[in-house]
Amino acid sequence: QKEVEQNSGPLSVPEGAIASLNCTYSDRGSQSFFWYRQYSGKSPELIMFIYSNGDKEDGRFTAQLNKASQYVSLLIRDSQPSDSATYLCAVYSSASKIIFGSGTRLSIRP
Amino acid sequence: DTGVSQDPRHKITKRGQNVTFRCDPISEHNRLYWYRQTLGQGPEFLTYFQNEAQLEKSRLLSDRFSAERPKGSFSTLEIQRTEQGDSAMYLCAQAGREGSYNEQFFGPGTRLTVL
Numbered sequence: 001q002k003e004v005e006q007n008s009g010p011l012s013v014p015e016g017a018i019a020s021l022n023c024t025y026s027d028r029g030s031q032s033f034f035w036y037r038q039y040s041g042k043s044p045e046l047i048m049f050i051y052s053n054g055d056k057e058d059g060r061f062t063a064q065l066n067k068a069s070q071y072v073s074l075l076i077r078d079s080q081p082s083d084s085a086t087y088l089c090a091v092y093s094s095a096s097k098i099i100f101g102s103g104t105r106l107s108i109r110p
Numbered sequence: 001d002t003g004v005s006q007d008p009r010h011k012i013t014k015r016g017q018n019v020t021f022r023c024d025p026i027s028e029h030n031r032l033y034w035y036r037q038t039l040g041q042g043p044e045f046l047t048y049f050q051n052e053a054q055l056e057k058s059r060l061l062s063d064r065f066s067a068e069r070p071k072g073s074f075s076t077l078e079i080q081r082t083e084q085g086d087s088a089m090y091l092c093a094q095a096g097r098e099g100s101y102n103e104q105f106f107g108p109g110t111r112l113t114v115l
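In the order they appear, the protein sequences are chains U and C. For what it's worth, the working numbering labels the leading residue of the first sequence as 1, then goes sequentially. For what it's worth, the working numbering labels the leading residue of the second sequence as 1, then goes sequentially.
Please keep in mind that the hints were generated in silico from the structure rather than gathered at the bench. Certain hints may be false.
[What the hints assert, rightly or not] Below are the DSS-like pairs computed for lysine-lysine, each with C-alpha atoms no more than 27 Å apart in a straight line:
| id | chain 1 | residue 1 | chain 2 | residue 2 |
| --- | --- | --- | --- | --- |
| 1 | C | 57 | C | 14 |
| 2 | C | 71 | U | 2 |
| 3 | U | 56 | U | 2 |
| 4 | U | 56 | U | 42 |
| 5 | U | 97 | C | 71 |
| 6 | U | 2 | U | 97 |
| 7 | C | 57 | U | 2 |
| 8 | U | 42 | U | 67 |
| 9 | C | 14 | U | 42 |
| 10 | U | 97 | C | 14 |
| 11 | U | 2 | U | 42 |
| 12 | C | 57 | U | 42 |
[Claimed, not checked] Which stretches of chain C does chain U cover? Using the computed rule of at least three CB atoms under 8 Å from a CB of chain U, they are:
| id | region |
| --- | --- |
| 13 | 42 to 52 |
| 14 | 103 to 110 |
Glycine included, every Cβ here is placed at the ideal spot set by N, Cα and C.
Excised from the complex, chain U in its bound form:
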């Protein structure tokens, strides 16, 4: 079992719709959770972080955390073509390092 698992996609969403990206993790001691966006050929860009159970909203992005289920999600509202990228889920583990998932490719179709 991978430490951080994501569906590789591609996930295709029509422009203006909500994109929902999911991630599960194995280390119950994990405390911090991150979503990075990565465009092709570029480095990852931090877009959201969440430390507590529940929802955290920032503009069109909402991160959701459920520690009991070891589940993190990212919702992108009013999806735009510029949101087309790979989204990496990352978990700060009890071993004091960040573990990344393999990423989900998101494609927003006009």
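Model the placement of chain C on the given structure of chain U, informed by the hints.
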């Protein structure tokens, strides 16, 4: 732009050669990480520094890899006797900015191609 810079941005080398990459951080971030990323995968942790101390090294970091962070400032990652399997993007990230302890901010990366 996170303010973290890496040099060079691209490196092509022949198998068996040594290469060195540099990461220049934001001065107030005290933790510096190195990752390796191959196509279709997320970044894989290699090593990290708290100021000048190297606190952890991944099993991925064979004895051909060495990293330094003299005086807690810039960092270098050296790969000796490169192999084709070393071809990847090498990413540097920083964390430890006041008020955002665990968030990591990446530099642009160095893409290594070993022929």
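Results for each hint:
1. The suggested pairing of residue 57 of chain C with residue 14 of chain C holds, with an alpha-carbon distance near 26 Å, which does not exceed 27 Å.
2. The straight-line distance between the Cα atoms of residue 71 of chain C and residue 2 of chain U is roughly 36 Å, outside the 27 Å bound, and the hint therefore fails.
3. Of the pairs offered as hints, the one joining residue 56 of chain U and residue 2 of chain U holds, with about 26 Å between alpha carbons and a cut-off of 27 Å not exceeded.
4. At roughly 26 Å between alpha-carbon atoms, residue 56 of chain U and residue 42 of chain U fall within 27 Å of each other, so this suggested pair holds.
5. About 22 Å separates the Cα atoms of residue 97 of chain U and residue 71 of chain C, which keeps this hinted pair within 27 Å; it holds.
6. For the suggested pair residue 2 of chain U and residue 97 of chain U, the alpha carbons sit about 15 Å apart, so the restraint of at most 27 Å is met.
7. Among the hinted pairs, residue 57 of chain C with residue 2 of chain U is consistent with the structure: their alpha-carbon atoms are about 20 Å apart, no more than 27 Å.
8. Between the alpha carbons of residue 42 of chain U and residue 67 of chain U the distance comes to roughly 31 Å, so the proposed pair goes past 27 Å and is violated.
9. This hinted pair checks out: residue 14 of chain C and residue 42 of chain U have alpha carbons roughly 24 Å apart, not beyond 27 Å.
10. A C-alpha spacing of about 32 Å is found between residue 97 of chain U and residue 14 of chain C, which places the hinted pair above 27 Å, so the restraint is violated.
11. Our distance criterion of 27 Å between C-alpha atoms is met by residue 2 of chain U and residue 42 of chain U, whose separation comes to about 24 Å.
12. Between residue 57 of chain C and residue 42 of chain U the CA atoms are separated by roughly 25 Å; this keeps the pair inside 27 Å, and the hint holds.
13. As drawn, the region 42 to 52 of chain C meets chain U at 5 residues by the rule of a beta-carbon pair under 8 Å; at three or more, the given contact holds.
14. A stretch counts as covered by a chain when three or more of its residues have a beta carbon under 8 Å from one of that chain; for the region 103 to 110 of chain C and chain U the count is 7, and the coverage holds.
When held up to the earlier numbered hints, the structure conflicts with 2, 8, 10 and fits the remainder.
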